[in-house]
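**Student:** Next come the chains, spelled out residue by residue.
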Amino acid sequence: MTGAGPESAGDGEPAPELGWVSPEVQEEFPELRLHSVALRARPGPAPRPIRERLRELSNRFHGAQAVTLRRDPIPSAYRIFFRHIGLDPDATRTPAEAAALDRLLHGGFRSRNLLDDALLLALLDTGIPMWALDADTLDGPLGIRLSRRGEALGRFPEAPRLPGGRLVVCDDGGPVAILFGELAPRHGVSPQTTSMRLFSVQVAGVPSIHIEEALWTCSTLLDPGPEAASRW
Amino acid sequence: MPDAQPTTEIPPSEAPNGGIAGGAPIVRHVPVERVPAARTRFERVPLERAPAEGQARRELRAQIARLERELADTFVSAFPRAQLDVSVPATGGPRLLSLGELESLRDALASRLTRARRELSRRGEEEERNRILLERMLLEPGRYKFVRIPCADLGEGGCGEWHVRPRFGLIGMLAGWWQVKLSSGCPLAGGLSAAGSPGH
Numbered sequence: 001m002t003g004a005g006p007e008s009a010g011d012g013e014p015a016p017e018l019g020w021v022s023p024e025v026q027e028e029f030p031e032l033r034l035h036s037v038a039l040r041a042r043p044g045p046a047p048r049p050i051r052e053r054l055r056e057l058s059n060r061f062h063g064a065q066a067v068t069l070r071r072d073p074i075p076s077a078y079r080i081f082f083r084h085i086g087l088d089p090d091a092t093r094t095p096a097e098a099a100a101l102d103r104l105l106h107g108g109f110r111s112r113n114l115l116d117d118a119l120l121l122a123l124l125d126t127g128i129p130m131w132a133l134d135a136d137t138l139d140g141p142l143g144i145r146l147s148r149r150g151e152a153l154g155r156f157p158e159a160p161r162l163p164g165g166r167l168v169v170c171d172d173g174g175p176v177a178i179l180f181g182e183l184a185p186r187h188g189v190s191p192q193t194t195s196m197r198l199f200s201v202q203v204a205g206v207p208s209i210h211i212e213e214a215l216w217t218c219s220t221l222l223d224p225g226p227e228a229a230s231r232w
Numbered sequence: 001m002p003d004a005q006p007t008t009e010i011p012p013s014e015a016p017n018g019g020i021a022g023g024a025p026i027v028r029h030v031p032v033e034r035v036p037a038a039r040t041r042f043e044r045v046p047l048e049r050a051p052a053e054g055q056a057r058r059e060l061r062a063q064i065a066r067l068e069r070e071l072a073d074t075f076v077s078a079f080p081r082a083q084l085d086v087s088v089p090a091t092g093g094p095r096l097l098s099l100g101e102l103e104s105l106r107d108a109l110a111s112r113l114t115r116a117r118r119e120l121s122r123r124g125e126e127e128e129r130n131r132i133l134l135e136r137m138l139l140e141p142g143r144y145k146f147v148r149i150p151c152a153d154l155g156e157g158g159c160g161e162w163h164v165r166p167r168f169g170l171i172g173m174l175a176g177w178w179q180v181k182l183s184s185g186c187p188l189a190g191g192l193s194a195a196g197s198p199g200h
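Chains A and B supply the protein sequences, listed in that same order.
Residue numbers for the first sequence follow the working numbering, beginning at 1 and rising by one.
Residue numbers for the second sequence follow the working numbering, beginning at 1 and rising by one.
No wet-lab data here; the hints were simulated from the structure.
Because the structure is a prediction, the values reported are computed rather than measured.
Just so you know, not all the hints are guaranteed correct.
What the simulated footprint calls covered on chain A by chain B, stretch by stretch (three residues with Cβ under 8 Å from a Cβ of chain B suffice, anywhere in the stretch; the number is not a length) [unchecked claim]:
(1) 20–27
(2) 75–81
(3) 172–182
No residue lacks a Cβ here, since even glycine has one placed at the ideal position from N, Cα and C.
Isolated chain B, as found in the complex (with noise of 0.2 Å):
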């Protein structure tokens, strides 16, 4: 599976000081006298950015939006595995990002991306490894004696778990005769007592 590897398409000769990372944003103070007449609600003079630093920002905020969805679809095709972790963290209150800060969040969305896909495909593997195993069980099971896989190491939901047991207990062990058994899942909430009582 391929690794995110983002970049960003700034032409050199559009980014101040020969770079982005390196360029200071150009921040000119636009005279009072030429403030429009809209613009005295805000009482802040807006910042006017190097149109480099704004197309920058663009493709910054456009990786953000793809590596996000790409983040979420990772997310969604591991369930219903155990919780596959997909967080980038994020400090202060909603605000306009700077520059290094987008950067940051891009770089920090790319590395989880990438560490959330090797998981997955790790996982995976680890899965069809299982599915090959229990094939094998389930056509020599004499020759996997007590072997139990938990169906969610099987990349399934539930709590079941697949099991070579003898058939008919101790007499069955003696001869010789194994079986597969699925087990029935997960426990009752309220335990055995639950089982017997009205609704169950």
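Next comes chain A alone, as it looks inside the complex (with noise of 0.2 Å):
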């Protein structure tokens, strides 16, 4: 398998991609979009500034801006989305309330380390999931369409079986990724990565300038560059 590898815009940061959506799925949610971009960055523990960020955003968030998360815009947008592709979303929590009820029930937002602290910040920032995979573990560009039955997620020995139709996030090789769901066993990035890329769905409702901020809010988070410390 030959990983994706990180492509720049030119200038130093990393360029995002728009992935391909199957015609079915086109055909369904027209607005429907991935968007992902590759960085060379390595996981590891979240750095003082990061933790600090968190800990200023935890201050700010409190119970009523939880409850009428839903009315967001973006947030709404997701809910809606969750319902037209067969979810509850008071079950199967969107992103953004998922993290508002676990800073409500933690007392704050929690620091687990530099990727998953990065895509919480871009979450509370933009209101866009993202979640992040090996590159290396790639193969091709990254897409969504519907699974077939019995195919594997993830090209591991241990990885699950899926049902016939369910969204999921493909490359070349199969699906990596249930759509708003789990993983890939393998797939997701460990602490032997040292290539990563960041995928964000778009759904109707939500402008790309969002998806493009979440993203580059993310990269310099993981990436941040010579000019890290004039950016914080």
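Two chains, each in its own frame: build the complex with the hints.
**Tutor:** Shown next as structure tokens:
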């Protein structure tokens, strides 16, 4: 397998890529898009500025905001999309609502590691959920399609089998994640990861600029470059 | 408050077999030699739906979106009252819903919205009655001896309650000196000892 190597827009920033969507899914959801960006970054502990940023956000986020979150345009767009694809957003929480609930239950946004914190900060800043895959385990561009009955989620022996008709995120080798669900075993970021592919799903009602902002936020947190100190 | 009355607006002339629910979707397999190169990636020939079904699905998705937004508004309107049930359960993972599933979901959302609005309206009327009672208690506490109204029953947050009590205890009760008191609210998490601890 060949990994999708990190690319650059020329000014040092990774270039976002638009993924493919199968015709049957595109016909049903014309505004559904998959955006991804590859970058050279390693997982690790979260640096202090990121932990402090999470702490500041915890202090600015309260119960009333969690209640009204479902009325905000972007979380509402994801709630509606969840309904459209047969998910109950009150059982399978949208990522923004899950983060808000976690904040209320634990008294703050918990810092876990650099990657999780970067994904969480981008989610809190923009409302856009993102996921990260190990770019070296991927084969070709990412896209969205329906799974075939018995198809494996991932390419490793422990890969679970999928029922037919599930919406999945795929590369050329097959499904690597369930849409808004779990990642395939051993395709996620691990301590051995040297390059990542971040991806996000744009649904109807979500402006592209928010997606770009989320990808940019997460990319710069993970791979800050020489001017990191000035950014923070 | 008007109940949600969703409708599927499909011209009968466009619906297959004269109706949506009764009409089986028209499935047409594209011959292998005509499959565009871009589609060979998916190894599955997409189903080409009848235009009427596509229109019905779009209409249903729009109705579901509207109902979901209205349900969210109703949920937020209920805050900070006790939780209002706005759940519409779903089973299975992310998938393309069939026309029947979309209709069932639309109907379930409409039904839940109707019930949630009715419940909210009932609570609103009850709170209005309690507010009037509180006004009367404040005007003439002697006529409402020992009556309690929790703040939650007035549509307010917190655990406090309005209580008609005699002034100076037994003396006030015998003398007919009544007053309305607002209790201090929720008990402290650490009990009475927490009140005396540093930081309180």
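**Student:** Would you mind marking each hint as holding or not holding in the structure?
**Tutor:** Taking the hints in turn, this is what the structure says about them:
1. With a cut-off of 8 Å between beta carbons, the stretch 20–27 of chain A has 6 residues touching chain B; three or more are needed, and the interface restraint holds.
2. Residues of the stretch 75–81 of chain A lying with their CB closer than 8 Å to a CB of chain B number 3, which satisfies the three-residue condition for coverage.
3. Counting residues of the stretch 172–182 of chain A whose beta carbon lies closer than 8 Å to any beta carbon of chain B gives 5, which meets the minimum of three for the stated coverage.
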